[in-house]
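As a plain string of letters, each chain reads:
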Amino acid sequence: MDELTKIAYNCRKATHLIEKKLIDHLTLREKLELKIHLAGCSVCRVFEQQSTLINKMVRDLFHPEKITELKLDEEYKKQMQERIEEKLNKH
Amino acid sequence: MSNNNDIATNVLTEPGKWVAQYADYLYTYAYTRINDEDLAKDLVQETFLAALEKLDQFKGNSSERTWLTAILKNKVIDVYRKKSSAFAQKTDVAEAEREQQDFFDHNDGHWNVEHRPKAFGIEEQDPLINKEFNYILQKCLQKLPALWLSVFTMKHMDDQSTDVICEELRVSPSNFWVIIHRTKLNLRACLQKNWI
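Going line by line, the protein sequences match chains H and Y.
Per this note's numbering, the very first residue in the first sequence carries number 1; after that it's consecutive.
Per this note's numbering, the very first residue in the second sequence carries number 1001; after that it's consecutive.
Please keep in mind that the hints were generated in silico from the structure rather than gathered at the bench.
Here the structure is a predicted model, which means the values were calculated and not measured.
Treat each hint with caution, since some may be false.
To be verified - Listed next, the in silico DSS-like pairs over lysine-lysine satisfying Cα-Cα at most 25 Å (straight line):
(1) Y/Lys1139 - H/Lys35
(2) Y/Lys1118 - H/Lys13
(3) H/Lys56 - Y/Lys1073
(4) H/Lys90 - Y/Lys1131
(5) Y/Lys1054 - H/Lys56
(6) Y/Lys1193 - H/Lys13
(7) Y/Lys1075 - H/Lys78
(8) H/Lys87 - Y/Lys1059
(9) Y/Lys1059 - H/Lys90
(10) Y/Lys1054 - H/Lys90
(11) Y/Lys1118 - H/Lys20
(12) Y/Lys1075 - H/Lys87
(13) H/Lys56 - Y/Lys1131
(14) Y/Lys1054 - H/Lys87
(15) Y/Lys1073 - H/Lys78
(16) Y/Lys1059 - H/Lys71
(17) Y/Lys1041 - H/Lys87
(18) Y/Lys1041 - H/Lys77
(19) Y/Lys1017 - H/Lys77
(20) Y/Lys1017 - H/Lys87
(21) Y/Lys1193 - H/Lys56
(22) Y/Lys1139 - H/Lys71
(23) Y/Lys1193 - H/Lys78
(24) Y/Lys1073 - H/Lys71
(25) H/Lys78 - Y/Lys1054
(26) H/Lys71 - Y/Lys1131
(27) H/Lys77 - Y/Lys1073
(28) Y/Lys1041 - H/Lys71
(29) Y/Lys1041 - H/Lys78
(30) H/Lys87 - Y/Lys1193
(31) Y/Lys1143 - H/Lys20
(32) Y/Lys1118 - H/Lys56
(33) Y/Lys1131 - Y/Lys1075
(34) H/Lys71 - Y/Lys1118
Input sequences plus hints: build the corresponding full structure.
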């Protein structure tokens, strides 16, 4: 089996290339390999779509206007406030 | 020790209002990245105290919140570094590849049938509308081992360069890619399991 035939059937390598593509860039050869694989593999096409989606969601997870902000408990906040004021008022 | 003249004279910032304005935000920032309530609380407190000490360094070039977040971010990276140094030695590539046999056939690299990605059904919509999916994503992130979460969030939340991540967490470039790949496989699988 030649190399291109191998990649055409290798989902493990294809998913790795998808991750690399999303973060970095692929070499021409890698681009070709991935293209050939995805042309014939609908499962990896789903993976790529979802992987892109997950990256976008993780990136947006901390946008202040989008996040469901967690609440720190009031007692702890009160303690922190006291410590800050103590420091501020020391002098 | 703190320089109290600076505390008294820095008019650019109002430490007395920090807790009310930023405590929840900073707590969320820390918690999403380290997945430990008590530690996240401690880091927020440490951030405020450290900021008081360096009040004279705040020049108002960025917002108060950005400045406080930067201080917290360094503390989070310290935690990553401590947690991951224990892991880093063990994370060898061969081990990860064995683990991936769960996902892919050992011989031909095909997806194993039970692990094949299935459509979530929300790929085409704006996912941010879907709070429930976001919630599951956060839960799934929290299940990841410390080193994976560190690498993954530094890359995908904070957009750090790969070189910086490898250096800060003492991970080799090849292990970096192994971790990124396996984290995504696991995260995606967790979403599928809990969503569909």
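Hint check results:
1. Y/Lys1139 - H/Lys35: violated (33 Å)
2. Y/Lys1118 - H/Lys13: With Cα atoms ~19 Å apart, Y/Lys1118 and H/Lys13 stay inside 25 Å; holds.
3. H/Lys56 - Y/Lys1073: The given pair, whose Cα atoms are some 21 Å apart, holds under the 25 Å limit.
4. H/Lys90 - Y/Lys1131: It is violated: about 45 Å lies between the C-alpha atoms, which goes past 25 Å.
5. Y/Lys1054 - H/Lys56: At roughly 35 Å apart (the allowed maximum being 25 Å), H/Lys56 and Y/Lys1054 break the hint.
6. Y/Lys1193 - H/Lys13: Holds - the C-alpha atoms of H/Lys13 and Y/Lys1193 are around 23 Å apart, at most 25 Å.
7. Y/Lys1075 - H/Lys78: holds (22 Å)
8. H/Lys87 - Y/Lys1059: holds (20 Å)
9. Y/Lys1059 - H/Lys90: It holds: about 23 Å lies between the C-alpha atoms, which stays within 25 Å.
10. Y/Lys1054 - H/Lys90: holds (16 Å)
11. Y/Lys1118 - H/Lys20: holds (22 Å)
12. Y/Lys1075 - H/Lys87: Holds, at about 21 Å.
13. H/Lys56 - Y/Lys1131: The given pair, whose Cα atoms are some 14 Å apart, holds under the 25 Å limit.
14. Y/Lys1054 - H/Lys87: Holds, at about 13 Å.
15. Y/Lys1073 - H/Lys78: Roughly 23 Å separates the two Cα atoms, so the pair holds.
16. Y/Lys1059 - H/Lys71: violated (29 Å)
17. Y/Lys1041 - H/Lys87: Measuring from Cα to Cα gives roughly 19 Å; hence the hint holds.
18. Y/Lys1041 - H/Lys77: Measuring from Cα to Cα gives roughly 9 Å; hence the hint holds.
19. Y/Lys1017 - H/Lys77: Holds, at about 11 Å.
20. Y/Lys1017 - H/Lys87: holds (14 Å)
21. Y/Lys1193 - H/Lys56: Holds, because 20 Å separates the two Cα atoms, which is no more than 25 Å.
22. Y/Lys1139 - H/Lys71: holds (17 Å)
23. Y/Lys1193 - H/Lys78: violated (40 Å)
24. Y/Lys1073 - H/Lys71: holds (19 Å)
25. H/Lys78 - Y/Lys1054: holds (22 Å)
26. H/Lys71 - Y/Lys1131: Measuring from Cα to Cα gives roughly 17 Å; hence the hint holds.
27. H/Lys77 - Y/Lys1073: Answer holds: H/Lys77 to Y/Lys1073 is near 20 Å, not above 25 Å.
28. Y/Lys1041 - H/Lys71: Cα-Cα ~11 Å, so holds.
29. Y/Lys1041 - H/Lys78: holds (13 Å)
30. H/Lys87 - Y/Lys1193: violated (49 Å)
31. Y/Lys1143 - H/Lys20: The hint holds at about 23 Å.
32. Y/Lys1118 - H/Lys56: Holds, at about 19 Å.
33. Y/Lys1131 - Y/Lys1075: Violated, because 29 Å separates the two Cα atoms, which is more than 25 Å.
34. H/Lys71 - Y/Lys1118: violated (35 Å)
Hint compliance for this structure: hints 1, 4, 5, 16, 23, 30, 33 and 34 are broken, all remaining hints hold.
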